[in-house]
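A.B. asks: Protein chains in written order, with this note's numbering: chain A, 110 to 580; chain B, 698 to 822.
Watch out, some of these pointers could steer you wrong.
What the hints assert, rightly or not - In silico SDA-like pairs for lysine to any residue, Cα to Cα no more than 20 Å straight-line:
| no. | chain 1 | residue 1 | chain 2 | residue 2 |
| --- | --- | --- | --- | --- |
| 1 | A | LYS356 | B | LEU814 |
| 2 | A | LYS356 | B | THR812 |
| 3 | A | LYS356 | B | GLU819 |
| 4 | A | LYS356 | B | LEU821 |
| 5 | A | LYS356 | B | PRO799 |
| 6 | A | LYS469 | A | LEU352 |
| 7 | A | LYS469 | A | ALA444 |
| 8 | A | LYS356 | B | MET752 |
| 9 | A | LYS356 | B | ALA710 |
| 10 | A | LYS356 | B | ILE775 |
| 11 | A | LYS469 | A | LEU504 |
| 12 | A | LYS400 | A | LEU309 |
Think of the hints as simulated: they come from the structure by calculation, not from any bench.
These figures come from a predicted structure and were not determined experimentally.
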Amino acid sequence: MRLAVKSAELHQVFAAELLDRIAWFVRLRWAAGAALLAFAAAAPHAGMPLEWGRVWLVAVVILAYNGILHALLAIWRRNNQADYRWLARCTLIQILIDLAALVLLVYLTGGPGSPFLPFFTFHMVIGTIMLSARTMFIVGGGAWLACAALFLAGGTPPGHPPIPVEMRTAVLGMLACALGLTVYLTATVSSRLKERGVRLFRLAEELRDKTAELEKLLAEMRSIEARKSHFMLLSAHQLRSPLATVKTSLDVLLQGYVDLASPRAASLVAGASERVEGLLRIVGDLLELAKLRETAQRAPWASGVNLAQLAVDVADALTPVAEARQITLESSYDADVVLARGVPPDLEYAIENLVHNALKYSRPGGTVHIQVRRSGEFGMIEVRDNGIGIPPEFLANLFVEFARAANARRHTAEGTGLGLAIVNEVAETHGGRVEAESRLDEGSTFRLLLPLRGGQTQDPHVTKSERRVTA
Amino acid sequence: MARKSVLLVDDDAVFVDAVSAVLETRYQVRTAANGHEALAAIATTPPDVVVLDVMMDHLSEGFDVARALRSNEATRAIPIVMLTGVDEVFNVRMEIGESWFPYDRYLQKPVAPETLLATLGELLG
Numbered sequence: 110m111r112l113a114v115k116s117a118e119l120h121q122v123f124a125a126e127l128l129d130r131i132a133w134f135v136r137l138r139w140a141a142g143a144a145l146l147a148f149a150a151a152a153p154h155a156g157m158p159l160e161w162g163r164v165w166l167v168a169v170v171i172l173a174y175n176g177i178l179h180a181l182l183a184i185w186r187r188n189n190q191a192d193y194r195w196l197a198r199c200t201l202i203q204i205l206i207d208l209a210a211l212v213l214l215v216y217l218t219g220g221p222g223s224p225f226l227p228f229f230t231f232h233m234v235i236g237t238i239m240l241s242a243r244t245m246f247i248v249g250g251g252a253w254l255a256c257a258a259l260f261l262a263g264g265t266p267p268g269h270p271p272i273p274v275e276m277r278t279a280v281l282g283m284l285a286c287a288l289g290l291t292v293y294l295t296a297t298v299s300s301r302l303k304e305r306g307v308r309l310f311r312l313a314e315e316l317r318d319k320t321a322e323l324e325k326l327l328a329e330m331r332s333i334e335a336r337k338s339h340f341m342l343l344s345a346h347q348l349r350s351p352l353a354t355v356k357t358s359l360d361v362l363l364q365g366y367v368d369l370a371s372p373r374a375a376s377l378v379a380g381a382s383e384r385v386e387g388l389l390r391i392v393g394d395l396l397e398l399a400k401l402r403e404t405a406q407r408a409p410w411a412s413g414v415n416l417a418q419l420a421v422d423v424a425d426a427l428t429p430v431a432e433a434r435q436i437t438l439e440s441s442y443d444a445d446v447v448l449a450r451g452v453p454p455d456l457e458y459a460i461e462n463l464v465h466n467a468l469k470y471s472r473p474g475g476t477v478h479i480q481v482r483r484s485g486e487f488g489m490i491e492v493r494d495n496g497i498g499i500p501p502e503f504l505a506n507l508f509v510e511f512a513r514a515a516n517a518r519r520h521t522a523e524g525t526g527l528g529l530a531i532v533n534e535v536a537e538t539h540g541g542r543v544e545a546e547s548r549l550d551e552g553s554t555f556r557l558l559l560p561l562r563g564g565q566t567q568d569p570h571v572t573k574s575e576r577r578v579t580a
Numbered sequence: 698m699a700r701k702s703v704l705l706v707d708d709d710a711v712f713v714d715a716v717s718a719v720l721e722t723r724y725q726v727r728t729a730a731n732g733h734e735a736l737a738a739i740a741t742t743p744p745d746v747v748v749l750d751v752m753m754d755h756l757s758e759g760f761d762v763a764r765a766l767r768s769n770e771a772t773r774a775i776p777i778v779m780l781t782g783v784d785e786v787f788n789v790r791m792e793i794g795e796s797w798f799p800y801d802r803y804l805q806k807p808v809a810p811e812t813l814l815a816t817l818g819e820l821l822g
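Excised from the complex, chain A in its bound form:
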């Protein structure tokens, strides 16, 4: 085939088309056989040479093998026969048999003077459409050689008047021209059509790919949408619970269930205030999370972010908290852990969150250790405590919004359940990750791993900030 069949699918399309054409060929052949029979019957009565009546023999042969083909075709269709090469071979065999029948017919009806000679061109047209120009040049050449051999040997069946040799040669010459031109012209037209068909098929394929892509995108967006609304639902519930407590406390006071001057009233007001504080913390964290998710591209990316420096700042800021809780804050820093790019405020927030958690879930007398060092391609901030630990069954939910383990909630009411979700978000926008290890009642270790060579988020507006003091 001139046109390379590239994809298996295209191959199948061509095969199906070839099968259709074979069916069409079989229908044509029924007509040809019937016409020949009619011709054979009419010849003796229409003043044609008496020998032409023998044409019925050819008609019977054609109709017989067409019957076989008809049956085979039904079987191929049922078995969904779609091997192009195999079908092409079958087509070639048919054309060869047809041409052999035609040569016989030409011979029986007067050789060089046969009225059936033009039918060679019809066969060439059909053959070229179904197979290829090259094949049909060879097949046509073969048919022509058969005719040439026949004509030059005499060319007429017994009973026919002889035809002069010049006449025979002239007919052969004409026949050669007719066959060659027919194949060439047909091939030109049909290859253009075929090319257009291939292009159309490729376009359809592209369209299908694009549609699939869009559908995938749509599904993704739907899932994001679902996650968002679930998160909103969770957020609303998290806000409603403390709000309900505040409302109940205020109602109790307003409706006079408690004497406003009593210590109990003061305790209720203090409790309500504590819940409002918690609400503000949740709202603050929600805003932080929303900011991280919505504006990752607009964040103040800086180049050359020194992780040790950030950790030192956080440790300094939290030292009073550690002292108040009687917890030892230890640290060890490698000064050269510098991220190619990062968002310093977000990183600081994440580190602070981890250290604050460690302090929060440690018992008095405990130790929190902060370490900053390289770990392969990553800058690593490790925060280790020997506090209450995390129940193993809870580790999987650690970074889920609003998830707080039962022991954490018992340990302290403070905590929004959003801190680690934020840390995780910061890690992801920097192309890194958070790891957690913990043993219940023995302590937890969190590692924030950030790629030194810059995160996945590409931002063209990286602002240069001077490298801060190295530790």
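Got chain A; can you put chain B on it based on the hints?
C.D. replies: Then chain B, alone, in the frame of chain A:
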């Protein structure tokens, strides 16, 4: 006549404080901060009614307590009031809701003090 007793179960200490102030005007009030404490308190002295929060240490802790009470011959008759911020649609979503709910009344936080008192009044006669 001795006052009837209410067991108030909720993990929010401030909420417990506020609601106790309301309940104490009519009932003898005991409190528990989680399901464990609640079951222990009921085993010692069964209250006349239990007011239960749903989400405490575990997502469906209140329901678990209610079911435990209903499946025990000795506690089956104790009326249960669910008082929670979790609405029923949310329950079904979290797949903790079932076709039967093991409680007598369902109140959503925040509840008006008089509504709570009225509900308990209905249950305790």
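A.B. asks: Which numbered hints are broken by the structure, listed smallest first?
C.D. replies: Those not satisfied are hints 3, 4, 5, 6, 7, 10 and 12.
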